[in-house]
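Visitor: Kindly produce the complete structure, drawing on both the sequences and the hints.
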Amino acid sequence: MTTITGAEILMRSLELEGVDVVFGLPGGAILKAYDSLYDSSIRHVLVRHEQGGGHMASGYAHATGRVGVTFATSGPGATNLVTPLADAYMDSIPVVAITAQVASTSIGLDAFQEAHTWGISMPCTKHNYLVTEPDEIAAAVHEAFHLASTGRPGPVLVDITKDALTGTAAFGGRKIIDLPGYKPSVKGHPKQVKAAVDLILESSRPVLYAGGGTIRAGASEELVKFAERLNLPVVTTLMARGTIPDSHPNTLGMPGMHGVYTASTAMQKSDLLINIGARFDDRVTGDPDFFAPDAAVIHVDVDPAEIGKIREAQVPIVGDAKVVLGQLLTQVNKRLGDQPAPEWTEWWSTLRGWQEAHPLGYVQDPDGPIQQQHVISELHRLTSGDAIVVAGVGQHQMWASQFWGFERPNTWINSGGLGTMGYAVPAAIGAQAGCPDDTVIAIDGDGCFQMTFQELITAALEGIPVKVVVMNNANLGMVRQWQRLFYSERYSASELSFTNPDIVMLAEAMGCVGLRADHPDDVTATLEKGLAVEDRPVVMEFRCDPDAMVFPMIPAGGSNDNIVLGPEDL
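Offset between the sequence shown (1-based) and the numbering used here: plus 116.
Hints were generated in silico from the structure; no laboratory data involved.
Just so you know, not all the hints are guaranteed correct.
Keeping only pairs whose Cα atoms sit at most 35 Å apart, straight-line, the calculated DSBU-like set for lysine-lysine is [what the hints assert, rightly or not]:
1) K307 - K385
2) K310 - K450
3) K341 - K291
4) K385 - K450
5) K307 - K425
6) K385 - K291
7) K341 - K385
8) K310 - K425
Computed from a predicted structure; not experimentally measured.
Guide: Spelled out as structure tokens, the structure:
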């Protein structure tokens, strides 16, 4: 058996996991790993900040369904990963972070660039490791990938001491997984599956409530078949957009704080919520004491900790969404045989009435200013919706979710649970690196853009032709909206600038194409020019209405019975 360095063991272990790209930034403690990376087949994308590398790994995982990998050195390198790790943890994204640590003999001595990485990262990772011996590296890496990608996916951190990387050990390939306490349930209990189908067939106002777990489990096909077999109305959370096509007649859209009126009201007035892979997030429920008061709950989740955490489930089912949906469909077919799907005639009539009365819409004055919804709608028209869309956090994120028609899973990437500003640019770069043949578009706000735009230097130098649409309203838009509605228009620390920075000049300085539209007449031409660029990143700036607000809106902590359709309703 060959004896090699710990750093070489690390690289070979990553290669055995099928890793094709790593996003990272070198430093002193991890230099031995980078020296071995020099001879590896793995592509390395040199980021400008470790946070960017973490978000790139997340975007890669979102888009490809594979585990994203990021590297960082000890101390500040590792602490800069806390935000992307916490983000991936909240949204159940499979990421493996490899960080270096000071030598094992220096731990606890306040050595240069020492940080308690395993302690700092414990609350924001699914699991983490401190590896102090070279012969422990292979097992830790293999287990990390297994943990990140199975059960409820999530980030795993492997912190390796400098002497473990420089030391030597025998390497015989992949290690056998030995995690006796880790046995995620995959298949739902048959009695619970039967009870769920009984409850559905007894209901009169059911709603299929699809969460991000359906995307993570690759359960979209099963979800559509199940919805069609039972003629169920479907709502898709922010993290589940695309799990059922928006063009499907059973789709009601996104519920919640800025969701579609019909989707939110359908949940509120239902007598049964069939929750598949959602966690009753507060952005969906509002005040949980007033949420869907007449609804019984079937809750399917691979993570037993989520069931009963917010809302009691009459039928809890612990298991993988894809597998359990298959079981439910089998049970439905057994019960119904050749009978057609239930019609739910009165319920569907009510839902269609709400859809007709309260559609999403906007008004674009031909004289301006530019409305963000108009830019998104035109972008969707010009691409025929055939793109991977990545959003930052704020008004533009909500409008993108509302006005982009998602037809397939893994084409909507955003920071849902943590709400991380600055997410879009690096995550889009990661998605483009993982899906080089797809069009990847970051829809960002000017506030978010200014947090991580430096990663466009990475994209330009690495030949990653991502497209960035910056909705410049010269404000922290969502903050301004809340200040306008709830703080007597006291705009404290929320005003930015249309001209500083000059986003077009900034884009050009970073090696990208820079374009700008100031008037509604320029929107289509600007998008067409930007979409035509294929050999380098492009940044398209749209100077938008600073006073525009996102509606519908349910005020935080309020009841979903009180949906604000416009400022006149407040």
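Visitor: Each hint should be assessed against the structure and marked as holding or not.
Guide: Status of each hint after checking the structure:
1. K307 - K385: The hint holds at about 28 Å.
2. K310 - K450: OK: K310 and K450 at ~10 Å, within 35 Å.
3. K341 - K291: With Cα atoms ~39 Å apart, K341 and K291 exceed 35 Å; violated.
4. K385 - K450: holds (29 Å)
5. K307 - K425: Distance ~22 Å between K307 and K425 Cα, so the pair holds.
6. K385 - K291: Given that 35 Å is the threshold and the Cα spacing comes to 52 Å, the pair is violated.
7. K341 - K385: holds (24 Å)
8. K310 - K425: The given pair, whose Cα atoms are some 23 Å apart, holds under the 35 Å limit.
Going through the hint list in order, the structure does not satisfy hints 3 and 6.
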